[in-house]
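**Q** Letter by letter, the chains look like this.
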Amino acid sequence: MDMTTYALIVLGVMVLFYAGAKLLKLSTEISMFIAAAAGCVAGGFGFSARHIAEGAMTYLDINLIFITATLFMNILKESGGVAFVVRGMFRRFRRQRAILLVLLTILLLIPGALTGAGSVTVLIAGGMVSTVLLGLGVPKVKTAAIVFIVAGLSAAAPPISLWAMMTAAGVNMPYVGFFWPLMLPCLVAGLLTMFILGWRGAPADLERALEELPVPPAGMNWLKIILPFVVFLGLIVVGRTWPHETVVTGLPLMFLCAALTSYVLSPQKMDLFQISQKTIEQLLPLLGTLTCVGILVQIMTLTGVRGLLAVTTVTLPVALVFATLFIILPVSEAVLMWGAAPVIGVPLILLFNTMGLNPIVALAGMSIIWPLGDALPPTAIIGRLTVDVTGYQGSYGQFLKACLIPAVIMMIIGTLMVVYSKQLGFLTGL
Amino acid sequence: MKASIRKLGFSIAGLVLLVVSGLSFYESRHLKEPVVLSDGVTQVMKLSKYFPDIEGTANDCNIYVLEGKEPGATLCILGGTHPEEPAGRLAAWLFAENGVMMKGRLIVVLSANRSATTVTRVGGAYPPDFIIPSPWGGQTFRLGDRWSNPLDQWPDPEVYIHYPSGQYLAYLDSRNLNRCWPGRPNGTLTEKTAYAFLEMIKKEKVDVVIDLHEAELQYPVISTIVTHEKGQELAAVVSMTLTDLEGFKMGLEFSPKNLHGLSHREIGDYSDAISLLFEAPEPFLDATRGKTTTDQLLTGKDEFVVKAGKHGLLFEKIDEKGWPIDVRVGRHTSAILQTMASWTEVHPERPLLCDNVPRYAEVIEKGIGKFLQDPAHGKPGRVLFE
Amino acid sequence: MKCISWIITLAVVAGFVLPPASAQKQTVKLDQPVLLTSCGQSPGPLKIKVFFGRLNIDYVYNLQASAGDLSAKKKEGKPFKSLIIVTGASLKGMGASKVSIEDELDRTKKLIAEARKQGMKVVGAHVEGMERRAQGATPGDNSDELSIDAVCPQSDLLLVRKDGDEDKRFTAISTGKKIPLVTFEKNMELSDVLKNLYQK
Amino acid sequence: MELVVTIIYYCLVGFVSVLLIYNLIKTTEWQKEVLYIIVLIPFLLRLFMLK
Numbered sequence: 001m002d003m004t005t006y007a008l009i010v011l012g013v014m015v016l017f018y019a020g021a022k023l024l025k026l027s028t029e030i031s032m033f034i035a036a037a038a039g040c041v042a043g044g045f046g047f048s049a050r051h052i053a054e055g056a057m058t059y060l061d062i063n064l065i066f067i068t069a070t071l072f073m074n075i076l077k078e079s080g081g082v083a084f085v086v087r088g089m090f091r092r093f094r095r096q097r098a099i100l101l102v103l104l105t106i107l108l109l110i111p112g113a114l115t116g117a118g119s120v121t122v123l124i125a126g127g128m129v130s131t132v133l134l135g136l137g138v139p140k141v142k143t144a145a146i147v148f149i150v151a152g153l154s155a156a157a158p159p160i161s162l163w164a165m166m167t168a169a170g171v172n173m174p175y176v177g178f179f180w181p182l183m184l185p186c187l188v189a190g191l192l193t194m195f196i197l198g199w200r201g202a203p204a205d206l207e208r209a210l211e212e213l214p215v216p217p218a219g220m221n222w223l224k225i226i227l228p229f230v231v232f233l234g235l236i237v238v239g240r241t242w243p244h245e246t247v248v249t250g251l252p253l254m255f256l257c258a259a260l261t262s263y264v265l266s267p268q269k270m271d272l273f274q275i276s277q278k279t280i281e282q283l284l285p286l287l288g289t290l291t292c293v294g295i296l297v298q299i300m301t302l303t304g305v306r307g308l309l310a311v312t313t314v315t316l317p318v319a320l321v322f323a324t325l326f327i328i329l330p331v332s333e334a335v336l337m338w339g340a341a342p343v344i345g346v347p348l349i350l351l352f353n354t355m356g357l358n359p360i361v362a363l364a365g366m367s368i369i370w371p372l373g374d375a376l377p378p379t380a381i382i383g384r385l386t387v388d389v390t391g392y393q394g395s396y397g398q399f400l401k402a403c404l405i406p407a408v409i410m411m412i413i414g415t416l417m418v419v420y421s422k423q424l425g426f427l428t429g430l
Numbered sequence: 001m002k003a004s005i006r007k008l009g010f011s012i013a014g015l016v017l018l019v020v021s022g023l024s025f026y027e028s029r030h031l032k033e034p035v036v037l038s039d040g041v042t043q044v045m046k047l048s049k050y051f052p053d054i055e056g057t058a059n060d061c062n063i064y065v066l067e068g069k070e071p072g073a074t075l076c077i078l079g080g081t082h083p084e085e086p087a088g089r090l091a092a093w094l095f096a097e098n099g100v101m102m103k104g105r106l107i108v109v110l111s112a113n114r115s116a117t118t119v120t121r122v123g124g125a126y127p128p129d130f131i132i133p134s135p136w137g138g139q140t141f142r143l144g145d146r147w148s149n150p151l152d153q154w155p156d157p158e159v160y161i162h163y164p165s166g167q168y169l170a171y172l173d174s175r176n177l178n179r180c181w182p183g184r185p186n187g188t189l190t191e192k193t194a195y196a197f198l199e200m201i202k203k204e205k206v207d208v209v210i211d212l213h214e215a216e217l218q219y220p221v222i223s224t225i226v227t228h229e230k231g232q233e234l235a236a237v238v239s240m241t242l243t244d245l246e247g248f249k250m251g252l253e254f255s256p257k258n259l260h261g262l263s264h265r266e267i268g269d270y271s272d273a274i275s276l277l278f279e280a281p282e283p284f285l286d287a288t289r290g291k292t293t294t295d296q297l298l299t300g301k302d303e304f305v306v307k308a309g310k311h312g313l314l315f316e317k318i319d320e321k322g323w324p325i326d327v328r329v330g331r332h333t334s335a336i337l338q339t340m341a342s343w344t345e346v347h348p349e350r351p352l353l354c355d356n357v358p359r360y361a362e363v364i365e366k367g368i369g370k371f372l373q374d375p376a377h378g379k380p381g382r383v384l385f386e
Numbered sequence: 001m002k003c004i005s006w007i008i009t010l011a012v013v014a015g016f017v018l019p020p021a022s023a024q025k026q027t028v029k030l031d032q033p034v035l036l037t038s039c040g041q042s043p044g045p046l047k048i049k050v051f052f053g054r055l056n057i058d059y060v061y062n063l064q065a066s067a068g069d070l071s072a073k074k075k076e077g078k079p080f081k082s083l084i085i086v087t088g089a090s091l092k093g094m095g096a097s098k099v100s101i102e103d104e105l106d107r108t109k110k111l112i113a114e115a116r117k118q119g120m121k122v123v124g125a126h127v128e129g130m131e132r133r134a135q136g137a138t139p140g141d142n143s144d145e146l147s148i149d150a151v152c153p154q155s156d157l158l159l160v161r162k163d164g165d166e167d168k169r170f171t172a173i174s175t176g177k178k179i180p181l182v183t184f185e186k187n188m189e190l191s192d193v194l195k196n197l198y199q200k
Numbered sequence: 001m002e003l004v005v006t007i008i009y010y011c012l013v014g015f016v017s018v019l020l021i022y023n024l025i026k027t028t029e030w031q032k033e034v035l036y037i038i039v040l041i042p043f044l045l046r047l048f049m050l051k
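Residue numbers (my numbering), protein chains in the order written: chain A, 1 to 430; chain B, 1 to 386; chain C, 1 to 200; chain D, 1 to 51.
What the hints contain is simulated information worked out from the structure, not anything from laboratory work. Any given hint could be a false lead.
[Stated by the list, open to error] Derived Cβ-Cβ restraints for the label pairs, each shown as a range:
#1 B:PRO52 to D:MET49: 51 to 59 Å
#2 D:MET49 to B:GLY138: 25 to 33 Å
#3 A:ASP205 to D:TYR22: 39 to 47 Å
#4 A:VAL331 to C:GLY176: 38 to 46 Å
#5 B:LYS317 to C:SER71: 39 to 47 Å
#6 B:ARG184 to D:MET49: 20 to 28 Å
#7 A:GLY394 to D:GLU29: 22 to 30 Å
#8 B:GLY138 to C:PRO33: 18 to 26 Å
#9 B:VAL221 to A:ALA19: 54 to 62 Å
#10 D:TYR22 to B:GLU320: 50 to 58 Å
#11 B:HIS30 to A:GLU245: 34 to 42 Å
Every value quoted in this text rests on a predicted model; they were computed, and no experiment measured them. From the three backbone atoms N, C-alpha and C, an ideal C-beta is built for every residue, glycine too.
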């Protein structure tokens, strides 16, 4: 049997088992695990414990970053810090809509940018920001769309963009030079989304909205909120300024230090074990996804399915690839979540690199499009989470429709960044 | 009750997976690779001799010295900088098990980043080891990875900043020996390893250092010598002679001055030695490869990589014959022997001449296994382990 | 084993001593001193440099040589008599010297113009085979071919390793522009080719 | 000093492992149980210095 037939059979088995598992209403993570195990057996490797465990190890460090960053954000929320910021902003700028919208965009971008997860943005800031937006008279469906789109952008925003990190790692490319290529489109698209969807709307009862916002505990102040961020940024700056005089700390420990600072400064007592345990519970779908994606990729690599997808992708007509990026990326994200990065992203970046495009800018462009898949079935984790958190009760179709304009903007920005990546190479600063 | 039995069942299944995989990882980390010393090996040292901080770490590797019958220059071969490129290690192995220096001195390193030999790449689906068949059965080698084992160096930095240039590199590359030159004494394990080697190069007054590598066919720097400015003429002659006489093409590339951490740049800059890096083709590393197996690793045959080649996406030719390990190892042994010959042409007063190591054609004809020695028949005290 | 190394050594020596089978009769003669440079920053010129050293030819090796270098030498009263520009681009090489192919083409254009002004002979060379042609480069990267276009049609002589002319690109330039083409098969034959070219 | 940081990381991995086991015991959904076990494996492999 030739390699193509063999790999196609294994791929077929994997797809079949994935679809079967989904039909049985199993979660995406477990479906991916089942597909991987079935592929391993179909490929003639049996149930290889070594390969499954090795694949599961792939994103251990990224999982640690996830856990510590989310722990930091959760402590900040539990201590009343986020409520303090939202309330403060709303009180000060409730009559200056433009400024408030800019600040809300930035606020929504921060949690996801730091953790790499849009769901963290939704959980940490989504509820409060939607309260403010509703207070400003923005309809519920548009509020939900804003939270979802900006949360997606926050996940793509630097410093942690998992799509970019995972794809870069897959092609041995340094995760360096991504800051501005990711930051600029995220900011632009985020602001456009906020203003397009949130500009219109007669302010409802501002005072009532203010009342609805959670009240921060007494003793909370700006210093207590800023200091943990100072610790985090300070560790990054120190590490970058004196890399050879200081000890290697790594991102998880940096986030842990920030989390502990926030914990110590909190005006109200918190149960650290309980918050940590809740954090793990909250993150289980994401940790599970990353672990199962690692297993899936390992088995795809083992059986040559990754090679089949890669060689098929890199030999496609380039115009076709450019023209279908806006479909391929969100759909791959909807099916595989972050698995889309190593499975689809890696061959695409190989193709762009061999074509002489700038792989960093191209990958940043792709990273802007990927999050759109988080609203699409079968997974739609973040889309559904947003609908829950913002309290939107209309149809899911209406929610998707509300997301359409900003989604098209993101698709256009992302595709243009890929096509003109060479000309935009200066953004990398390399 | 039912739920707790279910939970127990799942937990036991998880435990079995953990134990079975854990045992496999443990075994490959501790697999012993015998080295039967050639009669030409006059001394075996530890790297820690040059930098005691390395002592007791995974990277305190063996250094094999082959003192010549007549004096001459000193050449050092670094195998195993990237253990997942096995032709580099195997070529060095042939020198350690067969080489006899007639003139000059040879220093051979088989596992420059020994830590990286003890782990395979997550997500890469590598086999843990591979067997080179030999007339006496065969020898098993650890496959290894490109980066040091996280069990020996953890955590990775937020971004890796190269010492002393300050160049930003991927965080993973803080565990890549070929991004850590010239190293630093108070750095990470990988940086300390590079520092220790540089100390050795200086103290032993090494004239030429050759770092042996392999590359994926989609990588532009392939089937070539990368040379520091100091070695340009030597490399040009070696490249031309090999292409003319041995039937394989060997290109030439300059070591970029603004790309830091690589052996061909930093060894040349921070010591008196000429630094060269040899690249052979290894389709096993290509992201478009098919099934990831030991067979693919050793034969270099791959339908998908051939398909990528037909679309003009590769920098080296490949057909259904693939790139067998014998061909890749033979390229390295010939290139090293030719470097000695070309060096001697220019420096007749400080010659280098090694005997008993097969060149390209002979390695292909007889296979590497023919030149691997049987540890069961090694003389007492002449069998060591990597 | 010893026997094989002897055979190889003999073959190397033979490469230097015996006349190259494929080298054509050269009608163009060149004078010294010669400026040896590159268009594209590939390591090709190094191969010629090695033989210049062995043949005791008076040369200056400067990969970034400019028109100013030619006029400065003229001012000194010791003008260069011939210019060899080795074509072929090296992405690594150009990155290392922080120049783009456009910079290279511009520098080469000025260099050839100055050489013409001084009445020097210009040799366009390609010595690294098909690996240093667009076929050996990234799809879409035609910098190797651009460097050939910038130099070869403007030359008085083409010096090419035969396997680099697989697609008859240099033959076409030679025929079309009536520029003599000297080819050689083995690298070591370059020694005799250069010896003949610079023989008084 | 590097050793101290490494030890902190092993403690962190240990702590996360405890949390994962705690949640595994607490949860009643079978899919979550399976997922906790899958997620736990890499943490334990690192904790026991196997991978």
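**Q** Mind listing which of the numbered hints don't hold for this structure, in increasing order?
**A** 1, 4, 8, 9
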